[in-house]
Every structure is written in structure tokens, then in C-alpha cells.
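A.B. asks: Okay, here's what each chain looks like letter by letter:
2 protein chains.
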Amino acid sequence: MSRLWNFSAGPAALPLPVLERAQRELLDWNGSGASVMEQSHRGKRFIAMAEQVEADLRELMGIPADYAVLFEQGGATQHFAQIPMNLAAEGDSADYIVTGHWSEKAANEAAPYVRVNVAASSKAYDYLRMPARDSWQLDPTAAYVHIATNETIHGVEFHDVPDVGDVPLVADMSSDILSGPVEVSRYGLIYAGAQKNIGPSGLVLMIVRRDLLARPGRKMAKIFRYAEHATHDSMLNTPNTWGWYLAGLTFQWLKDNGGLGAMAERNRQKAELLYATIDGSGGFYRNPIDVPVRSRMNVPFTLHDSALDAAFLQESEAAGLLALKGHKALGGMRASLYNAVPVEAVQALVAFMHDFSRRHG
Amino acid sequence: MSRLWNFSAGPAALPLPVLERAQRELLDWNGSGASVMEQSHRGKRFIAMAEQVEADLRELMGIPADYAVLFEQGGATQHFAQIPMNLAAEGDSADYIVTGHWSEKAANEAAPYVRVNVAASSKAYDYLRMPARDSWQLDPTAAYVHIATNETIHGVEFHDVPDVGDVPLVADMSSDILSGPVEVSRYGLIYAGAQKNIGPSGLVLMIVRRDLLARPGRKMAKIFRYAEHATHDSMLNTPNTWGWYLAGLTFQWLKDNGGLGAMAERNRQKAELLYATIDGSGGFYRNPIDVPVRSRMNVPFTLHDSALDAAFLQESEAAGLLALKGHKALGGMRASLYNAVPVEAVQALVAFMHDFSRRHG
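If you read the protein sequences in the order shown, they are chains W and S.
Mapping of the first sequence onto my numbering: position 6 corresponds to residue 6, and the numbering continues sequentially without gaps.
Mapping of the second sequence onto my numbering: position 45 corresponds to residue 45, and the numbering continues sequentially without gaps.
For the record, the hints were derived by calculation from the structure and aren't laboratory data.
Check before you lean on any hint, since a few could be wrong.
One copy or any two copies: either way a pair holds, since identical chains are not told apart in the list.
[Said to hold, decoys possible] Pairs of lysine to any residue residues, derived as SDA-like cross-links and limited to a Cα-Cα distance of at most 25 angstroms, are as follows:
#1 325 <-> 232
#2 219 <-> 291
#3 222 <-> 111
#4 325 <-> 31
#5 328 <-> 180
#6 105 <-> 329
#7 44 <-> 318
#8 255 <-> 138
#9 255 <-> 115
#10 219 <-> 93
#11 222 <-> 330
#12 105 <-> 138
#13 44 <-> 310
#14 255 <-> 350
#15 328 <-> 158
#16 328 <-> 269
#17 222 <-> 180
#18 44 <-> 308
#19 222 <-> 89
#20 219 <-> 111
#21 328 <-> 227
#22 105 <-> 16
#23 255 <-> 26
#24 325 <-> 358
Predicted, not measured: the structure shown is a model, and the values here were computed from it.
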């Protein structure tokens with residue numbers, strides 16, 4: 001076994017103790033004589049596990065009782081569409097705050113189901129900063145306001161909860177959920193693809209205020225209706241049982257490691273170390289993002305000379321540092337520093353970066 | 001490690017060699033230094049694997065080149081809705097052949113998106129037999145004809161491909177795909193939730209004739225459009241990478257074990273052994289399904305006295321035979337005999353059944 005440091009933007013690194021436990025019990029889970037993947041989701045063992053997973057998440061995030069927790073499928077992208085199907089009636093509008101690739105895509109996928117009002121956008125600034133809060137053109141009659149709390153490609157992140165008045169705030173937290181404490185009651189709906197900070201891909205976690213489930217939404221099949229999923233404890237049809245199980249192992253790992261407060265501190269250290277290396281490189285490495293909104297999770301950076309990119313990627317991989325290639329939209333490099341990436345990985349990365357700049361500077 | 005014989009209707013038993021291999025390479029897949037769950041789906045390693053998985057499936061099933069293969073999410077239930085969204089235009093009708101719980105549900109979930117014509121139904125016969133072929137009220141202008149080739153709860157199965165003329169035949173094969181050879185060219189679209197004969201839950205396999213992808217369907221978000229998924233090789237958004245990988249291991253296992261012809265013969269033996277035990281029990285065990293349409297995959301049976309049910313379940317579990325409890329809609333027992341259930345498991349089951357009937361007869 002030779003595990004390397006994995007900076008993948010997603011599907012991303014999982015905590016090693018989670019993988020080791022999943023490996024140990026892959027053939028015989030919980031004394032059942034079968035794998036967790038071979039269990040009926042309606043069996044006693046699986047139901048008991050599912051309840052524990054939800055309880056652990058509620059404890060970690062401090063989720064109030066008037067919020068339902070759902071385990072969905074389809075990736076966050078499917079829910080870009082399904083959220084307006086559920087929260088908006090025919091003719092309604094919704095406000096979208098566009099701060100990067102993913103929030104823009106959320107607005108586009110919503111368009112068949114709701115009148116999309118781009119209430120603020122930093123696209124004109126190449127998403128290098130957030131749109132000034134006082135420039136947001138919020139509509140108090142909007143069905144909801146949508147944000148992406150962190151943008152994996154552009155590397156910008158909300159570090160506070162914007163005040164949007166009485167309109168429910170809907171947040172795609174795919175790439176920073178569980179990276180620190182969240183004031184859940186400030187949101188109407190939180191959702192997250194699992195493949196960054198939760199577990200494997202193919203699972204979407206959703207936390208939704210119950211009054212929003214009473215909205216009639218659009219005419220649609222039952223399977224698209226969140227209220228039906230809530231009523232059936234996310235077992236309206238067969239869920240992604242492996243993803244649910246792995247999410248549960250991750251939640252236990254978070255609890256065993258001090259919870260979200262400790263995680264926030266660890267993530268702060270990791271991000272500071274990398275940004276300090278970039279900013280202190282005398283221009284060899286560059287991150288162009290407005291400093292107060294830099295992402296703790298995804299750090300895009302460029303080399304002062306893109307002719308060095310290929311060497312950087314080749315040598316970093318040889319040094320056991322995986323998946324540092326930047327998104328094709330921006331080029332350059334990107335290091336994703338999700339919860340499962342330990343401080344040691346970032347230390348190894350910055351050591352390599354120092355060495356590389358010394359040799360190629 | 002203590003593996004028991006698992007007769008779960010789904011999520012169901014997986015082939016032991018598949019699980020063992022997944023366990024071996026869980027922490028370090030393919031020499032990558034990371035788990036298969038921690039790989040970008042857009043990385044070279046994952047793409048190469050995905051292409052091999054599709055090639056293996058095409059070889060196993062003999063899928064013609066004018067069919068696309070998609071790896072979807074949401075369970076078959078989501079596609080009960082998504083199929084009419086894609087294949088039917090506003091105002092179109094579609095023919096549904098209702099032969100049990102699942103085909104009835106498919107018709108219900110389709111209703112918001114297409115005029116559902118129940119062209120034939122065996123509901124009046126409690127689904128104990130198939131509707132006579134000459135009673136089907138097929139509409140030659142229908143957008144498609146929908147069948148479920150096997151009904152997991154009611155235990156009836158099509159053993160041939162119905163002739164529906166030039167209208168595309170759409171088949172939910174969730175519970176009998178890969179159980180034997182299939183003449184793909186007779187179908188317009190085949191789909192299957194993975195959790196019976198393919199892999200873990202959370203993955204849906206779809207095989208669709210490419211001309212059907214050109215249908216405009218309904219106004220909808222891109223993420224719901226099969227043509228978009230086909231264009232993007234099922235990576236329009238992050239797919240269920242673990243499910244895809246496990247499906248690939250299962251396809252390799254099928255190839256290593258003689259392919260679908262050998263599987264059909266094995267499944268025939270298993271089903272014959274169990275039905276012969278039931279039919280030869282002098283009425284102690286009963287399966288009420290019309291013999292020619294009995295399912296090879298799911299065998300529901302009752303005991304002559306339901307007061308014995310609890311003892312049967314308790315003793316069978318103690319004998320290492322898992323998940324024999326029947327669906328709540330029918331009561332009694334059910335043994336699911338998917339590909340991954342070996343002949344030895346069925347031999348153990350019938351030995352137990354003989355013993356139980358002798359002791360309680």
C-alpha cells in the first residue's frame with residue numbers, strides 16, 4: 001500500500017481511517033454476514049445505521065429540529081434544477097448571486113423552472129472578488145436567494161452568511177460543508193454533493209427547513225418532490241446505500257477529531273500555510289483572488305512562467321503530490337485542501353513548491 | 001469473516017470475487033496512490049476504466065453500435081419520470097403493460113409527463129399471470145411501449161420479447177438484466193437500477209438507441225436530458241464513480257465465468273431447483289404464479305400455515321440463509337436468485353426447506 005498526498009478537487013481524498021474501516025468490513029458488515037452494499041435499505045441493520053448517521057450529522061452541525069435531513073442522488077447539478085421545481089411556483093422568480101462557475105451553472109439549470117434574477121455577479125471581474133454586498137439587487141418577493149458558499153474552480157468563498165432578509169437563503173455548500181461550524185438557522189436549504197467533504201460521489205446531502213417542504217412547487221413526479229423524500233426518510237426509492245454508509249463513517253471521524261470547530265482551525269492553518277507560500281514567493285507563484293474572500297478549500301495558483309507548468313506537474317507527482325493540475329478554464333495549478341487532506345500534505349506541498357522555485361527561479 | 005447465503009431482493013448479493021478485489025484495492029487503486037473513490041472522473045485512469053467497462057458490457061450483451069450506453073443516477077424510479085420527459089413530446093401518449101408493482105409504479109410516475117395508456121394489465125388477476133398477448137391494446141402512434149421484464153415483488157417475468165411493431169419498446173430490466181442473453185436490437189431503451197445484477201445501489205445503467213436521443217422531449221434542465229449525458233459520456237456532472245467501478249468488476253466476473261449464456265444456464269438450474277422443491281412439497285410450500293411466466297430471479301412462496309412464518313424466518317437465518325422475508329405487500333417468503341447467488345446457496349436453501357417441512361409438516 002502506497003498512499004500519496006491527494007489534492008483532487010473532487011471526487012476528493014477521504015479520511016484514511018474511514019477508508020481503512022470500510023476496507024475491514026467490506027465483506028461482512030456489522031456481523032451481518034454480508035457487505036453493507038448487500039443489505040436491504042429497509043432492513044433493521046441499515047435503518048439503525050441511517051438513523052445514527054443523521055443523528056451524528058445533526059450533532060456535528062447543530063441542525064435544529066425544524067430542519068429535515070435528506071440523502072439524495074443526482075449530484076448537486078441535478079438539484080440546481082430540482083430546487084426551483086420544489087421551491088418555486090409557476091411564474092415565481094428567484095435571486096441568484098453569481099460568484100463563479102458553479103453558481104452561474106446553478107442559475108442556468110434553474111432557468112427552465114423559475115424566472116432567474118441575477119441579483120449580483122462578479123463575472124465582469126473574472127470572479128476574482130465577490131460582488132460588493134451593497135450592490136446586490138435583491139427582490140423581497142423572490143422565492144429564494146441562491147448562493148454557492150465556495151467556488152471550487154475560481155477559489156472564492158463566503159466567510160460569513162449574507163443577510164437576505166426574510167427570503168429563504170439556499171446554499172450550495174458542496175465544496176465547504178463540514179469544513180467549519182455553520183449557523184444552519186440562517187439558511188432555508190443547504191445542499192452538497194458528497195464527493196468533497198462527505199464521502200464518495202453519487203450522494204447529495206440536503207438540509208431543508210420543513211416549512212419550505214410545504215411549498216407546492218411544480219407539477220412533477222413524486223420522485224422529484226423533496227417533501228416525499230422527507231416523509232419517507234430518504235427511502236422513497238433505494239438510496240445510495242454505500243454513500244450513506246461512508247458519509248456516516250466520515251461523520252464519526254469528524255466527531256472523533258474534535259468536530260467542526262477543530263476542523264475549522266485545521267483548515268485555517270492549512271490554507272494560511274499555502275497562501276503564505278504563494279504570497280511569499282516573490283511572484284514565482286500567484287493567486288489573484290481578493291484576499292478576504294480567498295477559499296480555504298480550493299487554492300488556484302499560477303506559476304510566473306506557464307512554460308514551467310509541465311515540469312511542476314511532473315515533478316510534483318514524482319514527489320507524491322497528486323492532482324495539482326488546475327481546472328482547464330483557468331489553467332495553472334489548484335490544490336484542494338478539504339477536511340481529509342492533512343496538514344502534513346500541505347507541508348509536503350509547500351516544501352516541494354519552495355524547492356521547485358529555488359531550482360527554476 | 002463469515003459470509004452467509006444472501007437472498008436479498010435488493011440491494012442484493014454481489015459476487016464474492018468482486019467484493020474481494022474491491023477490498024484489496026480500496027486504499028490504492030491501479031497503482032494511483034489513492035482509492036478509486038478519490039479519483040477525478042476526468043482523470044486519465046478513471047476515463048480508461050470507464051471505457052473498458054463500457055466495452056466489456058457491449059461485448060457481454062452484444063450491444064449494437066447504434067445504441068448509447070449511459071451510467072445514470074437516481075434509481076430506476078427517477079427514470080420512470082425521466083424517460084417520458086425525454087421520449088415524449090407535449091400531448092404524446094405512451095403504452096404501459098402493467099404486470100406487477102414496478103410496472104404499475106412506472107406508469108404512475110410517468111403520468112405528469114405523458115398520457116399513460118395502460119394497454120394491458122394483469123392487476124385483476126393479482127398479477128399471478130401475464131396479460132394475454134392478444135388482449136394488449138397497443139396504439140401504433142404511441143411514443144413508446146413500456147414493460148418491466150421481471151417483477152421482483154410478484155415474481156413474474158417475460159421469457160420472450162413481446163412484438164410491439166414499430167413503436168420503440170422500453171424495458172425496465174432492473175431485476176433481470178445480465179441474467180441471460182438479450183436481443184438488444186429488439187428494444188428502443190433498456191434501463192436497470194444496478195443493485196440487483198450489476199453493482200451497488202445509486203447507479204442506473206441505460207442502453208438507448210441513438211435515434212431516440214434526437215427526440216425533443218419536454219422543456220427541462222440539461223441534467224435531465226439523456227442526449228446531453230450521451231454527448232458527455234455520462235460525465236455531464238460527477239457520476240457515481242464507485243458504482244461504475246463495481247459494475248466494471250461485475251462485468252469482468254461475468255466474462256471470466258462464461259458470459260451471459262453460462263449465466264442463463266446457471267440461473268435456470270437454480271430456479272428449477274427451488275420451484276421443484278416448492279411444487280414437490282405436497283402443498284407445504286406454494287408459489288401461485290402461472291408456471292410459464294415464473295421469474296427466475298425472484299421466487300415468492302408461502303407456507304401452508306402462515307403461523308409457521310416466524311419460525312421459518314428465525315430458523316433459516318440461524319442456518320445462515322439471509323433475507324428470505326417476503327415483501328410486505330404479499331407476506332410469506334421470497335428468495336431472490338440473482339447472478340451473484342451461487343447454486344450452493346440454493347442447495348442450502350432447499351435442504352433447509354426440506355428439513356423444515358419434515359419437522360413442521
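A.B. asks: Each of the hints needs a verdict: does it hold here or not?
C.D. replies: So, going through the hints one by one against the coordinates:
{"no.": "1", "hint": "325 <-> 232", "in the structure": "between (42 angstroms within a copy, 21 angstroms between copies)"}
{"no.": "2", "hint": "219 <-> 291", "in the structure": "neither (44 angstroms within a copy, 41 angstroms between copies)"}
{"no.": "3", "hint": "222 <-> 111", "in the structure": "both (21 angstroms within a copy, 10 angstroms between copies)"}
{"no.": "4", "hint": "325 <-> 31", "in the structure": "between (42 angstroms within a copy, 19 angstroms between copies)"}
{"no.": "5", "hint": "328 <-> 180", "in the structure": "neither (29 angstroms within a copy, 43 angstroms between copies)"}
{"no.": "6", "hint": "105 <-> 329", "in the structure": "within (14 angstroms within a copy, 43 angstroms between copies)"}
{"no.": "7", "hint": "44 <-> 318", "in the structure": "between (47 angstroms within a copy, 16 angstroms between copies)"}
{"no.": "8", "hint": "255 <-> 138", "in the structure": "neither (38 angstroms within a copy, 58 angstroms between copies)"}
{"no.": "9", "hint": "255 <-> 115", "in the structure": "neither (41 angstroms within a copy, 51 angstroms between copies)"}
{"no.": "10", "hint": "219 <-> 93", "in the structure": "both (17 angstroms within a copy, 18 angstroms between copies)"}
{"no.": "11", "hint": "222 <-> 330", "in the structure": "between (40 angstroms within a copy, 24 angstroms between copies)"}
{"no.": "12", "hint": "105 <-> 138", "in the structure": "within (19 angstroms within a copy, 42 angstroms between copies)"}
{"no.": "13", "hint": "44 <-> 310", "in the structure": "between (53 angstroms within a copy, 16 angstroms between copies)"}
{"no.": "14", "hint": "255 <-> 350", "in the structure": "neither (28 angstroms within a copy, 46 angstroms between copies)"}
{"no.": "15", "hint": "328 <-> 158", "in the structure": "within (23 angstroms within a copy, 48 angstroms between copies)"}
{"no.": "16", "hint": "328 <-> 269", "in the structure": "neither (28 angstroms within a copy, 53 angstroms between copies)"}
{"no.": "17", "hint": "222 <-> 180", "in the structure": "neither (34 angstroms within a copy, 33 angstroms between copies)"}
{"no.": "18", "hint": "44 <-> 308", "in the structure": "between (56 angstroms within a copy, 21 angstroms between copies)"}
{"no.": "19", "hint": "222 <-> 89", "in the structure": "both (16 angstroms within a copy, 20 angstroms between copies)"}
{"no.": "20", "hint": "219 <-> 111", "in the structure": "both (16 angstroms within a copy, 10 angstroms between copies)"}
{"no.": "21", "hint": "328 <-> 227", "in the structure": "between (38 angstroms within a copy, 24 angstroms between copies)"}
{"no.": "22", "hint": "105 <-> 16", "in the structure": "neither (32 angstroms within a copy, 41 angstroms between copies)"}
{"no.": "23", "hint": "255 <-> 26", "in the structure": "both (22 angstroms within a copy, 23 angstroms between copies)"}
{"no.": "24", "hint": "325 <-> 358", "in the structure": "within (20 angstroms within a copy, 68 angstroms between copies)"}
Checked against the numbered hints above, the structure breaks hints 2, 5, 8, 9, 14, 16, 17 and 22 and satisfies the rest.
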